[in-house]
Structures are given as structure tokens and as C-alpha cells.
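Student: Read off the chains here:
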Amino acid sequence: MSSKPVIATASLAGCFGCHMSFLDIDERLLELIELVEFDKSPIDDLKHFTRPVDIGLIEGGCCNAENVEVLRSFRKNCRILISLGECAVMGGLPAMRNTISLKDCLEEAYLNSPTVAPEDRVIPNDEDLPLILDRVYPCHEIVKIDYFLPGCPPSADLIWEALTALVQNRPMKLDYQLIKYD
Amino acid sequence: MPEKLKFSIDGREGLADQGMTIYEAAKANGVYIPVLCHYEGLKPVGSCRICSVLVNGRWMASCTQPLSEGMVIENNTPQVIEYRRAIIEMLFSEGNHFCPACEKSGNCELQALAYRYSIMVPRFPYQFPQRQIEAYPGFLLEHNRCVQCQRCVRAIQTEDGRKIFAMKNRSKDVRVNVDPKLAAKLSPDQIQKAMDICPVGAILKKEVGFIRPIGQRKYDRQPIGSEIEGKK
Chain C
493 MSSKPVIATA
503 SLAGCFGCHM
513 SFLDIDERLL
523 ELIELVEFDK
533 SPIDDLKHFT
543 RPVDIGLIEG
553 GCCNAENVEV
563 LRSFRKNCRI
573 LISLGECAVM
583 GGLPAMRNTI
593 SLKDCLEEAY
603 LNSPTVAPED
613 RVIPNDEDLP
623 LILDRVYPCH
633 EIVKIDYFLP
643 GCPPSADLIW
653 EALTALVQNR
663 PMKLDYQLIK
673 YD
Chain U
19 MPEKLKFSID
29 GREGLADQGM
39 TIYEAAKANG
49 VYIPVLCHYE
59 GLKPVGSCRI
69 CSVLVNGRWM
79 ASCTQPLSEG
89 MVIENNTPQV
99 IEYRRAIIEM
109 LFSEGNHFCP
119 ACEKSGNCEL
129 QALAYRYSIM
139 VPRFPYQFPQ
149 RQIEAYPGFL
159 LEHNRCVQCQ
169 RCVRAIQTED
179 GRKIFAMKNR
189 SKDVRVNVDP
199 KLAAKLSPDQ
209 IQKAMDICPV
219 GAILKKEVGF
229 IRPIGQRKYD
239 RQPIGSEIEG
249 KK
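Here the protein sequences come in this chain order: C and U.
Counting along the first sequence from 1, when you hit position 157 you're at 649 in the numbering used here, and nothing is skipped either side.
Counting along the second sequence from 1, when you hit position 93 you're at 111 in the numbering used here, and nothing is skipped either side.
These aren't lab readings, by the way, just hints derived from the structure by calculation.
Certain hints may be false.
Stretch-level coverage of chain C by chain U, calculated; a stretch enters the list once three of its residues show a Cβ under 8 Å from a Cβ in chain U [to be verified]: (1) 509 to 522; (2) 577 to 584; (3) 661 to 674.
Here are some, though not all, of the chain U residues that point toward chain C, as calculated from beta-carbon distances under 8 Å [claimed, not checked]: (4) Trp77; (5) Asn114; (6) Ala119; (7) Asn125; (8) Gln129; (9) Tyr133; (10) Ser136; (11) Val139; (12) Phe142; (13) Pro143; (14) Phe146; (15) Gln148.
Even glycine gets a Cβ: it sits at the ideal position worked out from N, Cα and C.
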């Protein structure tokens, strides 16, 4: 058994852009796998938690019941939980629907949109589909979040600095150009 | 020549002309006090309170408060900075500020202030209010982003001095209102001026969105206020 810190990541109501930005740390990935191990994450394709995790990275906010379930399981299994990117921090572009009622959203998407064929005009309501929420919630409105890394996406340098600072147990050095909301 | 007034700001001595506001005096001495509703050349209204400083333990809006002899001003102290952060965070949670989708991103003063004060997330819950976007010939009025600073109300007029923008309603319902007939006659230069004077992305000139690439925008590299701080 190794004693390396363990990292888990998830994309909820996001676009995977934050994960792409994570991969943008480029050759530092080699350095990273010396420093940490991955548990549940799209990066190693582990679907379930296999052990206690030190740092959980959450991309995207919560737009449906499944997002909430995953987020709660991350909170339960991770010592430190980080909101990664605008969607996790404030709902982001999916939250643009928050100013429109859910009924109007569903009708526009599945009934009234000009690209929906007349025979396909039905609002999905299968019990296997996660229930959509009344609005998109930032992660910290569902569970306690320890750190917030804004950006759309957060730059690779910001993710690298935050992760290495946490792993090495030192304060984050956040230069002016690292904090951006776009 | 009128006598200069002596003052101190964060322990630094300064001299300024009589009749200056605290904000102007600080600026003349190379000290940045953040402003959002105030704009050079316009009559200050002191509505946003971002420029608040502590003088003798009392809060004062430095854009409207005249400087007086011997004032001892607190500007960059932890208490004042925390107060300003709270105002910025309130503005971010009060409106719908989707920075990634905003044409003003990178040139936005509200965003730049949040960057300057390293705000990662507002402490207040997001309100997601329901607001409209109004389209006029040549420009858009995006109420989701408006911070009701009234810069456009004060700055933009027709040649015969009639106002195009005005405030309507009160309290939390206060909005910028446009005279559509006068707005239709705005020249492209006037629309550009309105867009430039708007601290956020509420007034947007059509057909020029995202014209400056990321990295070359106003606040991409240097924090807001560094142009003042660099002077002295």
C-alpha cells in the first residue's frame, strides 16, 4: 500500500472543459502521478470509490437528481472537496435556465422547438432517467465545499498550483493572472 | 494659488487641492480607491459604496466626500477591504453575471474588482432574478448585468441635452429605462461611449462583440487601479 494522497474527480452539469483543462497541465501529468493516485474519476475510468479520498474535484453544478447523488457521495468520501470551474461555483451556463420556469424549458426543448419532428413531441419521463431539478444549483448550495477554483475553464496553472499546494500542505500562491471567470 | 490640504491615507502623507473629494485627492497622490458608479468627468452620486473609506471610524463614500484638512483615511486596511469584498459579492449574487458568456468579460470593471480582491465565490446565495434584455437599433440593454450605477444616465445625452437613459421604479426594482425614440437616433460614437462608460456588460454595441482576443483585454494582465498606483 502506498501513502500517496488520493484524488477523485467528477463532471456533473458541466461540459468536461474543466477536465480538459486539467489534462492541459501537459508533461506535469508525469509529475502528478508521482505525487498522487487517482480513485473514482473519468481519468482512470473508475466508476466507484474504492478507498477514502483526500481531494475531490467537482466540475459542473447540479441540474438533476443524479448530480446531487454523485456530489453527496463525493462529500462523504473526500476529505477536501473543491468546486472546479464556473459551473460548479455558480451554476455556469446551465444555470442560465434558472431565470426560466422548468415547464417553459421542457416545452421549448421537447415540444415547441422547430427542430423537433411532430411525432417526437414528448417530454421525456422515464423512471430510468434522473429527475431534473427545478433549477441548476451551485455545488456549495448542496454540500459543504472547501475550496473554489473559478474560471471557464480554470487554467491548467491554477489547477496545478491548487493541487500541488494541497498535496504539499503549503498555502496556494494565486497570482493575478490565475484568477479569471472566463 | 490656494493653500493645499494635508491628509494621510493608510499612514502615508499626502497633499491635495482644496475642493477635491477624497477619491480625487488619493488619486492625485498615486493611491487607488476603487470606484464603480463614479466616472471621471461625471457628477458623483455615491450610490455603489465601493469607494467607502474609514475616516475617524466613520464610513464615507470617497467619491462624494470632500477632503478636509488633516483627515486620517483608512483605505487598504483589512476592515475596509472586507467591506468592499462584501459589496462586490453582493452585486455578483444579486444579478445574473455569467462571465463566460459575456461580451464585456475581460473589460468589465465589476469583474476586475473581483479579480483585484481575489474573490473565488460570493458568500451570499445567488438570486437568479428574472430580468429582460432590450434591443434597440445599434445596441442592447442587458438588465441581467446592470448594477444601477447610473453612469449612462449621467453621461449620455442628445445634442440638445435630453437624456436617453433614466432610472425607473424604486429600491430592489430600480431599473435603467430607455427613451426608444431618442435611442434610435444615437450615433455609433455615442453608442460606443455608452458601452465604454458602462462598468459591466449591460450596454452592448451590436456587431462588435468579443472584438479583443483573450490576453489583450483591459484587465487580463494588470489589476484595475494599477494605472493609478503606478503613477507615484
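Student: Hints first: check each against the structure and report whether it holds.
Tutor: The hints, checked one at a time:
{"no.": "1", "hint": "509 to 522", "verdict": "violated (count 0)"}
{"no.": "2", "hint": "577 to 584", "verdict": "holds (count 5)"}
{"no.": "3", "hint": "661 to 674", "verdict": "holds (count 7)"}
{"no.": "4", "hint": "Trp77", "verdict": "27 Å, violated"}
{"no.": "5", "hint": "Asn114", "verdict": "6 Å, holds"}
{"no.": "6", "hint": "Ala119", "verdict": "6 Å, holds"}
{"no.": "7", "hint": "Asn125", "verdict": "11 Å, violated"}
{"no.": "8", "hint": "Gln129", "verdict": "6 Å, holds"}
{"no.": "9", "hint": "Tyr133", "verdict": "6 Å, holds"}
{"no.": "10", "hint": "Ser136", "verdict": "6 Å, holds"}
{"no.": "11", "hint": "Val139", "verdict": "4 Å, holds"}
{"no.": "12", "hint": "Phe142", "verdict": "11 Å, violated"}
{"no.": "13", "hint": "Pro143", "verdict": "7 Å, holds"}
{"no.": "14", "hint": "Phe146", "verdict": "4 Å, holds"}
{"no.": "15", "hint": "Gln148", "verdict": "5 Å, holds"}
Violation of the numbered hints given earlier is confined to hints 1, 4, 7, 12; the remaining hints are satisfied by the structure.
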